[in-house]
Every structure is written in structure tokens, then in C-alpha cells.
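Visitor: Kindly produce the complete structure, drawing on both the sequences and the hints.
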Amino acid sequence: YNDNCKCVLDLEKIDSDTKITWATSPKFGPFRARDFCTLVHFRVFDDKRLVVVNQPATHVKAPCSKSFVRSEVILAGTILRPLASD
1 YNDNCKCVLD LEKIDSDTKI TWATSPKFGP FRARDFCTLV HFRVFDDKRL VVVNQPATHV
61 KAPCSKSFVR SEVILAGTIL RPLASD
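Sequential numbering of the sequence shown, starting at 1, is according to this note's numbering.
Hints listed in this document are in silico derivations from the structure and should not be mistaken for laboratory results. Watch out, some of these pointers could steer you wrong.
Said to hold, decoys possible - Estimated spans, in silico, between C-beta atoms of each pair: (1) ARG49 <-> VAL69: 13 to 21 Å; (2) HIS41 <-> ARG70: 15 to 23 Å; (3) SER85 <-> LYS6: 32 to 40 Å; (4) ASP46 <-> SER67: 37 to 45 Å; (5) ARG70 <-> ASN2: 19 to 27 Å; (6) ALA84 <-> PHE28: 34 to 42 Å; (7) ARG70 <-> ASP47: 33 to 41 Å; (8) ALA84 <-> ALA33: 36 to 44 Å; (9) CYS5 <-> PRO63: 18 to 26 Å; (10) LEU75 <-> LYS6: 17 to 25 Å; (11) SER67 <-> ASP47: 41 to 49 Å; (12) VAL69 <-> LYS48: 32 to 40 Å; (13) ILE79 <-> ASP3: 18 to 26 Å; (14) ASP17 <-> ILE74: 17 to 25 Å.
The C-beta atom is built at its ideal place from N, Cα and C for all residues, glycine as well.
Guide: Now the structure itself:
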């Protein structure tokens with residue numbers, strides 16, 4: 001979805017709001033390509049806010065590899081709100 005995200009795969013659906021994903025980023029300057037294995041949880045609230053929370057995960061379908069440096073987003077959250085005009 002952007003130049004820094006080369007690949008994103010859903011590895012496992014935990015429930016209707018939670019999944020484990022694997023993503024890669026390309027080599028950038030002197031830095032080797034990175035990969036991320038992440039637990040992602042989504043929640044939609046009555047006021048139509050969408051909250052997304054991410055934390056590192058491990059998964060048998062995403063073992064560490066010499067092709068990538070394993071990176072971690074320790075904890076991340078995003079809150080999306082519809083515009084008043086929506």
C-alpha cells in the first residue's frame with residue numbers, strides 16, 4: 001500500500017477482529033530488507049471509529065530468514081474517524 005511495504009500476507013485469522021500478518025519492506029539505502037510478524041486487532045465503535053492495535057507476534061508460517069532482518073513494532077495503535085461530511 002506504500003513504497004515502504006513490499007508484501008503483506010494474512011497468516012492466520014484468530015477471530016473476526018484479530019489476525020496475524022507478515023509484512024516485508026525493501027532494502028533502503030545501506031539497510032537490509034526487513035520483515036515483521038504482527039498480531040493485528042480491529043474494533044469498530046458505535047460512533048464509526050475504527051481502532052487498530054498491533055503488537056509483535058511469532059508464527060510457524062513466518063520463521064526468521066536470512067533474507068530479512070526481523071523487525072518489531074513494539075506496540076502501535078491507529079484511530080480512524082469518519083469526516084463530519086461522511
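Visitor: Given the hint of 19 to 27 Å, is the C-beta distance from ARG70 to ASN2 inside that range or not?
Guide: 20 Å, holds
Visitor: Starting from the range 41 to 49 Å, see whether the pair SER67 and ASP47 falls in it by beta-carbon distance.
Guide: 43 Å, holds
Visitor: Is it true that the C-beta distance of ALA84 to ALA33 lies inside 36 to 44 Å, as the hint says?
Guide: Because 41 Å falls inside the window, the suggested range holds.
Visitor: Measuring from beta carbon to beta carbon, are ARG70 and ASP47 in 33 to 41 Å?
Guide: Since ARG70 and ASP47 have Cβ atoms about 37 Å apart, the given range 33 to 41 Å holds.
Visitor: Does the hinted range 37 to 45 Å hold for ASP46 and SER67 at CB?
Guide: 44 Å, holds
Visitor: Cβ-Cβ distance between LEU75 and LYS6: within 17 to 25 Å?
Guide: 23 Å, holds
Visitor: Verify the CB-CB distance for HIS41 and ARG70 against the hinted window 15 to 23 Å.
Guide: About 21 Å separates the Cβ atoms of HIS41 and ARG70, which means 15 to 23 Å holds.
Visitor: Given a hint of 34 to 42 Å, does the C-beta separation of ALA84 and PHE28 actually sit inside it?
Guide: This hint holds: roughly 38 Å between Cβ atoms.
Visitor: Starting from the hint 32 to 40 Å, judge whether the C-beta atoms of VAL69 and LYS48 obey it.
Guide: For LYS48 against VAL69, whose Cβ atoms are near 38 Å apart, the range 32 to 40 Å holds.
Visitor: Does 32 to 40 Å hold as the CB distance between SER85 and LYS6, or does it fail?
Guide: 34 Å, holds
Visitor: Given a hint of 18 to 26 Å, does the C-beta separation of ILE79 and ASP3 actually sit inside it?
Guide: 24 Å, holds
Visitor: So does CYS5 sit 18 to 26 Å from PRO63, Cβ to Cβ?
Guide: Holds - the Cβ-Cβ distance for CYS5 and PRO63, about 20 Å, lies within 18 to 26 Å.
Hint 1 from the list above is the single one not met by this structure.
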